[in-house]
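Peer 1: From first to last, the protein sequence lines are chains A and B.
Note that the first sequence covers residues 1 to 326 in my numbering.
Note that the second sequence covers residues 1 to 326 in my numbering.
These aren't lab readings, by the way, just hints derived from the structure by calculation.
These numbers were taken from a predicted model, which means no experiment stands behind them.
Some hints here could point you the wrong way.
Chain A stretches covered by chain B per the calculated footprint, using a threshold of three residues with CB under 8 angstroms from any CB of chain B [claimed, not checked]: (1) 98-108; (2) 121-127; (3) 230-238; (4) 246-252.
Derived lysine-lysine pairs resembling DSSO-like cross-links, with alpha carbons at most 27 angstroms apart [to be verified]: (5) A:K23 / B:K139; (6) A:K27 / B:K153; (7) A:K27 / B:K139; (8) A:K153 / A:K228.
All C-beta atoms in this analysis are idealised placements derived from N, C-alpha and C, irrespective of residue type, glycine included.
2 protein chains.
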Amino acid sequence: MKKTKQIEKNAKTVNKYLKSKLKGNPKKLYDAAGHLIVNGGKRLRPYMVIRSCQILGGNSSNAMPAASAVEMVHNFTLVHDDIMDNDEMRHGVPTVHKKFGMPIAILAGDVLFSKAFQVITDSKLSPIAVTQLVSRLAKGCVDVCEGQLLDVKMAEEGRIPTQSDYITMVSKKTAALFDVSCAMGAICATDKDNDISNLSSFGRNLGIAFQITDDLIGVMGDPKITKKPVGNDLREGKKSLPILMAIKSAKGNDKKIILKAFGNSKISKNELNKAVEVIRSLNIEENVRKQALKYADKAEKSLSKYSGPAKEELISLLDFVVKRSV
Amino acid sequence: MKKTKQIEKNAKTVNKYLKSKLKGNPKKLYDAAGHLIVNGGKRLRPYMVIRSCQILGGNSSNAMPAASAVEMVHNFTLVHDDIMDNDEMRHGVPTVHKKFGMPIAILAGDVLFSKAFQVITDSKLSPIAVTQLVSRLAKGCVDVCEGQLLDVKMAEEGRIPTQSDYITMVSKKTAALFDVSCAMGAICATDKDNDISNLSSFGRNLGIAFQITDDLIGVMGDPKITKKPVGNDLREGKKSLPILMAIKSAKGNDKKIILKAFGNSKISKNELNKAVEVIRSLNIEENVRKQALKYADKAEKSLSKYSGPAKEELISLLDFVVKRSV
Chain A
1 MKKTKQIEKN
11 AKTVNKYLKS
21 KLKGNPKKLY
31 DAAGHLIVNG
41 GKRLRPYMVI
51 RSCQILGGNS
61 SNAMPAASAV
71 EMVHNFTLVH
81 DDIMDNDEMR
91 HGVPTVHKKF
101 GMPIAILAGD
111 VLFSKAFQVI
121 TDSKLSPIAV
131 TQLVSRLAKG
141 CVDVCEGQLL
151 DVKMAEEGRI
161 PTQSDYITMV
171 SKKTAALFDV
181 SCAMGAICAT
191 DKDNDISNLS
201 SFGRNLGIAF
211 QITDDLIGVM
221 GDPKITKKPV
231 GNDLREGKKS
241 LPILMAIKSA
251 KGNDKKIILK
261 AFGNSKISKN
271 ELNKAVEVIR
281 SLNIEENVRK
291 QALKYADKAE
301 KSLSKYSGPA
311 KEELISLLDF
321 VVKRSV
Chain B
1 MKKTKQIEKN
11 AKTVNKYLKS
21 KLKGNPKKLY
31 DAAGHLIVNG
41 GKRLRPYMVI
51 RSCQILGGNS
61 SNAMPAASAV
71 EMVHNFTLVH
81 DDIMDNDEMR
91 HGVPTVHKKF
101 GMPIAILAGD
111 VLFSKAFQVI
121 TDSKLSPIAV
131 TQLVSRLAKG
141 CVDVCEGQLL
151 DVKMAEEGRI
161 PTQSDYITMV
171 SKKTAALFDV
181 SCAMGAICAT
191 DKDNDISNLS
201 SFGRNLGIAF
211 QITDDLIGVM
221 GDPKITKKPV
231 GNDLREGKKS
241 LPILMAIKSA
251 KGNDKKIILK
261 AFGNSKISKN
271 ELNKAVEVIR
281 SLNIEENVRK
291 QALKYADKAE
301 KSLSKYSGPA
311 KEELISLLDF
321 VVKRSV
């Protein structure tokens, strides 16, 4: 696939840049900070930064500091998230706190965060552009923190959230950084508010579609691809869109089967499969995909006035995000 | 005392500004982020930002965003530090993770960090000044992370560090943020590299003197003031300057008494007092104070070409920092 090749090529360039910035003393701190980065990742956010710069006629090398900064911030959230959730594995390797211990993992996250702002100020853009980049990134980080707290609160509360609660949460927790990625790419190319706003909107709506699709995969996904059992998010009691739609639309015995599996770590494999079958029979996949497509459409409309290869690649990424198979 | 009144007056203004910036949804996140701030603190770093701006003829209101940013970063390090050390109390109140739980405490630290960079970009300074402020602050945060890891490593290692290891560690862990405070204050007033560098040097050397004195108090300090038993840092096995100087200079039975107390949580009060008496008899206090004064002299020299009330107040703060009674 041409698109995947483009993403891979971009990832290599970004990785090289990241490696050059994430070194220093004590070495252990930077080993911990780079642990997840060297062990994989598609660098989707840097890809979006660079394409968003190019769609507006900018030079991709101008966008490299911003692209790296966004990836550092993304990794900082992963490192701290894994501590908060006490997760042991990510992308097939031990999480940073499992490998390096909790204190170093907290510091690894913090140094990624610090370096993100440092690389932006090292860029060769005008001070006005740098100030705008810092402002966007800082605001995005605030949004991510707020979104993560909404997620923690939602998990703690007894009630099943509404679809609107869910969208508010993912808009901040996930979509904010996609929004910021595209806006920052745009700022590296232009000072026109209208263009920056169009790219920001593209990123935000793509981000929401991304998370909805991710959550669908978390329930119905093929264990061979997800490396997690079918119905994993259901068993973990994750209050994601497919699950809250399933709980809302199921009736009688169906509802009982789903609720029995929801957040029940001791459920048998058989009963978990049965619950996923019920969700399938309720056409949840189709309805969830419709929601993701709604946001993908909004994203596409934000780019209607642009053309060229960078646009094609952003639209191709959007298609990939919402059409990923479960 | 005139100086204390000035610090108190400044703290009130800074607190008001901080309160206006640290609000949002979910409220719980901002309650956690503001928890240590509303429960005390002298706001020494913001005071240094503002006085460093004034000593160069700048307007203090221009320095308020930078002053608040530094305090937010300082509080972010306290919140994450308390998690790493699993401390339960700070300034007489429960630490953030004890009160709000670990996940919210991690996020509270992260949001303080994010807001610090956001407030700087909200300032009315020129984009060139804002870029310099962000660059200094980000570099300072990297230093603090590196210094904290050096501290963790030093604690884990079996060997007693040298004085030079100790100075390297505190230069990053503690002094970096004092350095950044004064440099940022200077940037709010001028674009002259020489002045910025003088203030940066003042802050760094004051910071080292501050930490040395703090560590002296951690061993010999009056329990009524420190709210900790005499010899607390010795019992906790902290590898601070007074302790490593005491271990180095003690001989025979004296050395045995100190090493028995060092890092021994089960030591009797009597034996701990005896170890502190031995340290007193070795004249460690005088020698440590000499070291602190050496850095205080360097700090004072950095300001030799300036005059006026802001200089007097910075020198007065320097005196306070090194002459604090144990």
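Peer 1: Work down the list of hints and note, for each, if the structure agrees.
Peer 2: Hints and how they fare:
no., hint, verdict
1, 98-108, "holds (count 5)"
2, 121-127, "holds (count 4)"
3, 230-238, "violated (count 0)"
4, 246-252, "violated (count 0)"
5, A:K23 / B:K139, "13 angstroms, holds"
6, A:K27 / B:K153, "11 angstroms, holds"
7, A:K27 / B:K139, "17 angstroms, holds"
8, A:K153 / A:K228, "25 angstroms, holds"
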